[in-house]
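Engineer: Now for the letters of each chain:
Protein chains: 2
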Amino acid sequence: MPATEFDPLKFHEGLVAAGLIVPVGVEGIFGRNHVFEDVLERFNAAVTALAKDDGAEYFVYPPVIDRHVLEKSDYMDSFPHLAGTVFSFHGKELDARQLSVMIHNGEDWGQTQRMTSVTMNPAACYPVYPSFTGTVPAAGRLVTMLNWVFRHEPSPEPTRMQSFRVREFVRCGTAEQVVEWRDMWLRRGLALLESLGLPVQAEVASDPFFGKGGKMLAASQREQKLKFEVLVPVISRDKPTAVCSFNFHEGHFGEAFEIKTADGNTANTACLGFGLERVVMALFQTHGFDPSTWPTAVRSKLWS
Amino acid sequence: MPATEFDPLKFHEGLVAAGLIVPVGVEGIFGRNHVFEDVLERFNAAVTALAKDDGAEYFVYPPVIDRHVLEKSDYMDSFPHLAGTVFSFHGKELDARQLSVMIHNGEDWGQTQRMTSVTMNPAACYPVYPSFTGTVPAAGRLVTMLNWVFRHEPSPEPTRMQSFRVREFVRCGTAEQVVEWRDMWLRRGLALLESLGLPVQAEVASDPFFGKGGKMLAASQREQKLKFEVLVPVISRDKPTAVCSFNFHEGHFGEAFEIKTADGNTANTACLGFGLERVVMALFQTHGFDPSTWPTAVRSKLWS
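Chains A and B are the protein sequences, given in the same order. Take the first sequence: its position 156, counting from 1, is numbered 156 in our numbering, and each next residue is one higher. Take the second sequence: its position 16, counting from 1, is numbered 320 in our numbering, and each next residue is one higher.
Extracted from the complex, chain A is given alone in its bound form (with noise of 0.2 Å):
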């Protein structure tokens, strides 16, 4: 039975007061306790049984990565309010006393800091395109991650969150055969979270680009079906929540970061990620907030 109404609120009360999540005093940040935790490693490792035969290389990235990433893939053109940026101090013994008597003052501290060359990891996917440069196998390359990431977005609403995981694999090779893997994945990963009792739905998506010109980004790629979401209501019935997204760039990432098929031309990419957190809180929502009392088949299938 549900947890909690549809209400953003409310559920991330109920989420704090089972101690599933621990407030810090910044919107979107929050510590995750052991019952969260583990949910969130049993659901990952049902991802990794799922793909067992599939052959991907699996890797860990920071969450922070290199700031030509972002550049080179025009990142800043289309999501310039996402970003997060790594400052940092580089002044003398002088600077260091007026920094330490400007927070003790209670001011603003940010022209202390300058520029570093990481940015925050703004997608699981970013770092794995230039490990890609070059040329790929005629049978393309898959990979698959499980990285933090960061998105300027402050809100009370818990599902909308400033740091958190995600589960992600990414194809590279032909269109053909991008396409082809993108839509197995989305059969295989409804499977998986309608076999975890979620009342899931998949939608043609678009990602939320900036400004004016951001609208006809997002028109054009819903148009051609470049992106789609799996949603689970948790936080309204109207408005579910996207718990898995799957994105077709077709020679975008290529382009930038010279990637080639066998056959010369500019490599196809594609990247599937659940949003592990989502996940999460989607079966909080679904099922309760004690794991102990969720379906059996819920149970059997995450612990077994």
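I should point out that these hints are in silico values taken from the structure, not numbers from a laboratory. Take the hints with a grain of salt, since some may be wrong.
[Claimed, not checked] Label-pair ranges, simulated between beta-carbon atoms:
#1 S304(A) to A349(B): 13 to 23 Å
#2 H104(A) to G414(B): 17 to 27 Å
#3 L186(A) to G438(B): 20 to 30 Å
#4 D54(A) to E457(B): 37 to 47 Å
#5 L521(B) to N265(A): 35 to 45 Å
#6 E457(B) to V179(A): 40 to 50 Å
#7 L521(B) to T293(A): 47 to 57 Å
#8 A139(A) to D358(B): 40 to 50 Å
#9 E203(A) to T439(B): 20 to 30 Å
#10 A349(B) to T293(A): 26 to 36 Å
#11 G134(A) to P503(B): 35 to 45 Å
#12 D357(B) to G55(A): 32 to 42 Å
[Claimed, not checked] The following residues of chain B were derived to be distant from chain A, with all beta-carbon distances above 10 Å:
#13 K356
#14 A400
#15 G414
#16 T420
#17 P431
#18 R464
#19 T565
#20 D567
#21 F593
#22 A601
[Stated by the list, open to error] List time: in silico DSS-like cross-link candidates among lysine-lysine, alpha-carbon distance up to 30 Å:
#23 K376(B) to K225(A)
#24 K529(B) to K92(A)
#25 K516(B) to K376(B)
#26 K239(A) to K10(A)
#27 K227(A) to K376(B)
#28 K314(B) to K564(B)
#29 K52(A) to K605(B)
#30 K605(B) to K531(B)
#31 K519(B) to K92(A)
#32 K72(A) to K396(B)
#33 K212(A) to K227(A)
#34 K356(B) to K605(B)
#35 K543(B) to K564(B)
#36 K529(B) to K519(B)
#37 K605(B) to K215(A)
#38 K516(B) to K92(A)
#39 K92(A) to K376(B)
#40 K531(B) to K92(A)
These figures come from a predicted structure and were not determined experimentally. We put the beta carbon where it would ideally sit given N, CA and C, even for glycine.
Given chain A, work out where chain B should sit, using these hints.
Structural biologist: For chain B alone, kept in the frame of chain A given last:
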């Protein structure tokens, strides 16, 4: 047998050639492959097994934290050079267009970014202290976490990372409770690392405080034996690498975050952290780059 001579760059080359790490073009940032991650996860599980009867509460926090935690804890007074702050774009349509032009022209676009309310997490224990605010039970608190931490110290030396994971324990209570626990873990940590065939030694140590004033702070910290490190030769025989560190903070965090013991005094805290990537690298250096060839005793300890 050692993977390489004790040379930082040769060790880095060896890790890359074995496919264990994937360089990304920025010093101190790299991908980890499945072999690296398997060793890391197995070592982390060995730590968990060691602590299984201690009753520690487990949490995972994101790689970014509330900026106020750095401000309140005086982190920027001691380590301004190591901190990373997260900046973001707050502009409108026209500003976004300027940002895009700057990036495509290869100009410095730092001025388009403004400080946000989050910073990189500088140490695995930092997000926990605010959650202790108030009065802790008579038996104190014991918490364990696995968090990504950030240090702005780019270096070609592979054990000197900008972004890495720490398996951390934090104890909060009276000075007596905290020091007794720290001493117990110092013995336990040494025994665990020795059981993995690592030539460890424990030493009194100091934190990398900034500037001239920092030298005095470091000397005082050593004199009072507030910090210990467990060291293993990884990239140098003469200057072994710290793979585990123990900090006794006395009432520092208790005062900053208003944490009291049951008798109404300011609580004391101590923490210990295993630098997970460094432990993994110490194992690779000591036993070779291929875990299947490691001594049976080490293998059975990790893959039991």
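Engineer: Decide, hint by hint, whether the structure agrees.
Structural biologist: For each hint, the structure was consulted:
no. : hint                           : in the structure
1   : S304(A) to A349(B): 13 to 23 Å : holds (19 Å)
2   : H104(A) to G414(B): 17 to 27 Å : holds (25 Å)
3   : L186(A) to G438(B): 20 to 30 Å : violated (48 Å)
4   : D54(A) to E457(B): 37 to 47 Å  : holds (38 Å)
5   : L521(B) to N265(A): 35 to 45 Å : violated (59 Å)
6   : E457(B) to V179(A): 40 to 50 Å : holds (44 Å)
7   : L521(B) to T293(A): 47 to 57 Å : holds (52 Å)
8   : A139(A) to D358(B): 40 to 50 Å : holds (49 Å)
9   : E203(A) to T439(B): 20 to 30 Å : violated (50 Å)
10  : A349(B) to T293(A): 26 to 36 Å : holds (28 Å)
11  : G134(A) to P503(B): 35 to 45 Å : holds (40 Å)
12  : D357(B) to G55(A): 32 to 42 Å  : holds (41 Å)
13  : K356                           : holds (13 Å)
14  : A400                           : violated (5 Å)
15  : G414                           : violated (3 Å)
16  : T420                           : violated (6 Å)
17  : P431                           : violated (6 Å)
18  : R464                           : holds (14 Å)
19  : T565                           : holds (21 Å)
20  : D567                           : holds (26 Å)
21  : F593                           : holds (17 Å)
22  : A601                           : holds (27 Å)
23  : K376(B) to K225(A)             : violated (49 Å)
24  : K529(B) to K92(A)              : holds (28 Å)
25  : K516(B) to K376(B)             : holds (22 Å)
26  : K239(A) to K10(A)              : holds (16 Å)
27  : K227(A) to K376(B)             : violated (43 Å)
28  : K314(B) to K564(B)             : violated (50 Å)
29  : K52(A) to K605(B)              : holds (26 Å)
30  : K605(B) to K531(B)             : holds (28 Å)
31  : K519(B) to K92(A)              : holds (15 Å)
32  : K72(A) to K396(B)              : holds (22 Å)
33  : K212(A) to K227(A)             : holds (20 Å)
34  : K356(B) to K605(B)             : holds (16 Å)
35  : K543(B) to K564(B)             : violated (40 Å)
36  : K529(B) to K519(B)             : holds (15 Å)
37  : K605(B) to K215(A)             : violated (56 Å)
38  : K516(B) to K92(A)              : holds (10 Å)
39  : K92(A) to K376(B)              : holds (22 Å)
40  : K531(B) to K92(A)              : holds (26 Å)
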